[in-house]
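All chains should be modelled from the sequences, with the hints used to inform the complete structure.
2 protein chains.
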Amino acid sequence: MRAAVVSQYHYPLNGRATSFAVNTSTSRRRSGAFTVRMGLKEDGPSLAIVGVTGAVGQEFLQVLSDRDFPYRNIRMLASKRSAGKKLTFEDKDYVIEELTEDSFNGIDIALFSAGGSISKKFGPIAVDSGSIVVDNSSAFRMDERVPLVIPEVNPDAMAHIKLGSGKGALISNPNCSTIICLMAATPLHHHAKVIRMVVSTYQAASGAGAAAMEELELQTREVLEGKRPTCNIFKQQYAFNLFSHNAPILSNGYNEEEMKMVKETRKIWNDPNVKVTATCIRVPVMRAHAESINLQFEKPLDEDTARDILKRAAGVVIVDDRASNHFPTPLEVSNKDDVAVGRIRQDLSQDGNYGLDIFVCGDQVRKGAALNAVQIAEMLL
Amino acid sequence: MRAAVVSQYHYPLNGRATSFAVNTSTSRRRSGAFTVRMGLKEDGPSLAIVGVTGAVGQEFLQVLSDRDFPYRNIRMLASKRSAGKKLTFEDKDYVIEELTEDSFNGIDIALFSAGGSISKKFGPIAVDSGSIVVDNSSAFRMDERVPLVIPEVNPDAMAHIKLGSGKGALISNPNCSTIICLMAATPLHHHAKVIRMVVSTYQAASGAGAAAMEELELQTREVLEGKRPTCNIFKQQYAFNLFSHNAPILSNGYNEEEMKMVKETRKIWNDPNVKVTATCIRVPVMRAHAESINLQFEKPLDEDTARDILKRAAGVVIVDDRASNHFPTPLEVSNKDDVAVGRIRQDLSQDGNYGLDIFVCGDQVRKGAALNAVQIAEMLL
Chain B
1 MRAAVVSQYH
11 YPLNGRATSF
21 AVNTSTSRRR
31 SGAFTVRMGL
41 KEDGPSLAIV
51 GVTGAVGQEF
61 LQVLSDRDFP
71 YRNIRMLASK
81 RSAGKKLTFE
91 DKDYVIEELT
101 EDSFNGIDIA
111 LFSAGGSISK
121 KFGPIAVDSG
131 SIVVDNSSAF
141 RMDERVPLVI
151 PEVNPDAMAH
161 IKLGSGKGAL
171 ISNPNCSTII
181 CLMAATPLHH
191 HAKVIRMVVS
201 TYQAASGAGA
211 AAMEELELQT
221 REVLEGKRPT
231 CNIFKQQYAF
241 NLFSHNAPIL
251 SNGYNEEEMK
261 MVKETRKIWN
271 DPNVKVTATC
281 IRVPVMRAHA
291 ESINLQFEKP
301 LDEDTARDIL
311 KRAAGVVIVD
321 DRASNHFPTP
331 LEVSNKDDVA
341 VGRIRQDLSQ
351 DGNYGLDIFV
361 CGDQVRKGAA
371 LNAVQIAEML
381 L
Chain D
1 MRAAVVSQYH
11 YPLNGRATSF
21 AVNTSTSRRR
31 SGAFTVRMGL
41 KEDGPSLAIV
51 GVTGAVGQEF
61 LQVLSDRDFP
71 YRNIRMLASK
81 RSAGKKLTFE
91 DKDYVIEELT
101 EDSFNGIDIA
111 LFSAGGSISK
121 KFGPIAVDSG
131 SIVVDNSSAF
141 RMDERVPLVI
151 PEVNPDAMAH
161 IKLGSGKGAL
171 ISNPNCSTII
181 CLMAATPLHH
191 HAKVIRMVVS
201 TYQAASGAGA
211 AAMEELELQT
221 REVLEGKRPT
231 CNIFKQQYAF
241 NLFSHNAPIL
251 SNGYNEEEMK
261 MVKETRKIWN
271 DPNVKVTATC
281 IRVPVMRAHA
291 ESINLQFEKP
301 LDEDTARDIL
311 KRAAGVVIVD
321 DRASNHFPTP
331 LEVSNKDDVA
341 VGRIRQDLSQ
351 DGNYGLDIFV
361 CGDQVRKGAA
371 LNAVQIAEML
381 L
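These protein sequences, in sequence, are chains B and D. In case it helps, full-length UniProt numbering puts the first sequence at residues 1 to 381. In case it helps, full-length UniProt numbering puts the second sequence at residues 1 to 381.
Some hints here could point you the wrong way.
You can't tell identical chains apart in this list, so a pair holds if it fits in one copy or across any two.
[Stated by the list, open to error] Straight-line distance between alpha carbons at most 27 Å, and here's what the computed DSSO-like set of lysine-lysine pairs gives:
#: 1; residue 1: K235; residue 2: K336
#: 2; residue 1: K299; residue 2: K275
#: 3; residue 1: K275; residue 2: K193
#: 4; residue 1: K227; residue 2: K336
#: 5; residue 1: K235; residue 2: K311
#: 6; residue 1: K41; residue 2: K299
What the hints contain is simulated information worked out from the structure, not anything from laboratory work.
As structure tokens, this is what we get:
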């Protein structure tokens, strides 16, 4: 965990404590002991990072390092534009290579985060080369043959995929909003069965990439100086404003981001009947999403039981201090692994104990993307 | 309307185009003609503004001027601290007076916005003096004897209160979030009867007063400079962050802001059975609230009919352009009278046409407070 590096008061504007050269940090091993980690191991898998220069690509490296992920070697892949640039990772120098059809020879695990069209083109090529692809794009998420996995939620979905079998495979990383929502909702679902879920999101700039985070910062400076804000990534002012998620609107009036939450939840829970509606909104926050979630259960579930269930849930931390009005915030979960849950309360608008309202925050770049993908890769080891 | 003054691109940081001296602007009369207005009229009522130096107090003046509200004279009232200061309004100079027990002699209509304790103490004194009090605080909202009024929604609730009867009276202005929500929900409710409503809010700094807006600006500058943000009004970083509304949490786990929405909706709709749940969140936006509203109806209501109903609704404007992804934003409704509604769509999570999702934005200082109060006063004329 990098928590100590990023204080909530001394806010690093790009939301990153490090970039490229991540070789000096220490991290908490899963055992709890602090060490200088170094994942370079002769018997580790051979890795490729596709889109290594992007916000999530960078976070892949950070998370691999933080978690002491073992690897024999790493191929750093990006577009032609970045090819040839140098990068230091865990005391070793790398040259970024252009992604080509030959990039996956000898690669055991490829972590993709370079957009849907890159995944569509190069994912199958990597699989044909015998690589197991963990894909952060939406390209294959709804493909029935591709598992859509949150390791804490549905690890069994990828149980048939084995490293070292010589057979390539695709595994999809769910959308960030879905991951953060289901990290909190699933433990409750297992106990009382969610039959309907109404979600409103408060989504950070990072979901639209590093350039969007930079634009939010630039716009904020401009607005404070009374200047017209630069609108390259978004078509409207983002600073001191919010707007409906910029994903295209479908014929049913939902945007693609919202439909991801609807469809991915059904697939991950393997429950085609679960009813989900979502309203996805972008707020001027850098790198962590918040979600207001209203849950309707088949079986009764009181709020104390819900709190106990969430207390025991892996990857979830409860921040629910009513007396001091302290609940999850995007800033407090930034650069953290766990999804924070608070405002846990019985829903007044449902009779009996069949409803709960909760408020959830999770780091979009980390658990919403890079961490979840690396956790998937860990399950292959 | 002051729309032309405040461009969405050249954002005035305090969200105000004018302050104190509002005598040079022009406005659209309700007739649609443009004139330089001047509400000073011998046969108009005698007004008092309680809390004239606050964000809402200032907006009272702006709205009175914009709407050409007739008045014989205005008493500008505030705390001892502001007493003696001068203020120019519609070409006339005023001296701010300290609010005392004698402030309401000869006052026909008193607009209060100085907090609950001031209203509790001085509201009844004003009523005893024969004034009709329009109170923006929560002090009397749930008092059965006091009408809680949104003029477009439940004007009949105050039909028994008459100006010039010599009898004082109290009328409460609902909470800003309730007003903005019900402006959109009520026309639909009248058509298909809302039985349950799930609301998540995105609330602006202005709801916590002018000092909170200043703190958000100050914090943002500080964070951009890498400094620790000043936390006087809020106990945590607000810039590039969001948090659960700072209102106290009650024993049921809801905060007071959320319970206002639950209880005030029941009272305004005169429907003790309507089921409402709300999650109220503060976002780093200056002066307009947004709300994601999920509606469940007793009778079917398709989205086209809903759009037609909202198109005809007074005080509501539809901003729902799916093709260009243009929907309501806080910035676009800032300093506007109308509540903007968009993202109107059939709720996928409800069978048949019994559910809708909508996204609503309204100026918190204007329709959420000052405008609604002045509209109440207009109904007395």
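How the hints compare with the structure:
1. K235 x K336: Between copies, since 21 Å is at most 27 Å while 30 Å is not.
2. K299 x K275: Answer is both; intra-copy 15 Å and inter-copy 20 Å each pass.
3. K275 x K193: both (11 Å within a copy, 22 Å between copies)
4. K227 x K336: Close across copies (22 Å), not inside one copy (34 Å); limit 27 Å.
5. K235 x K311: between (41 Å within a copy, 26 Å between copies)
6. K41 x K299: neither (49 Å within a copy, 65 Å between copies)
Of the numbered hints stated above, the single one contradicted by the structure is hint 6.
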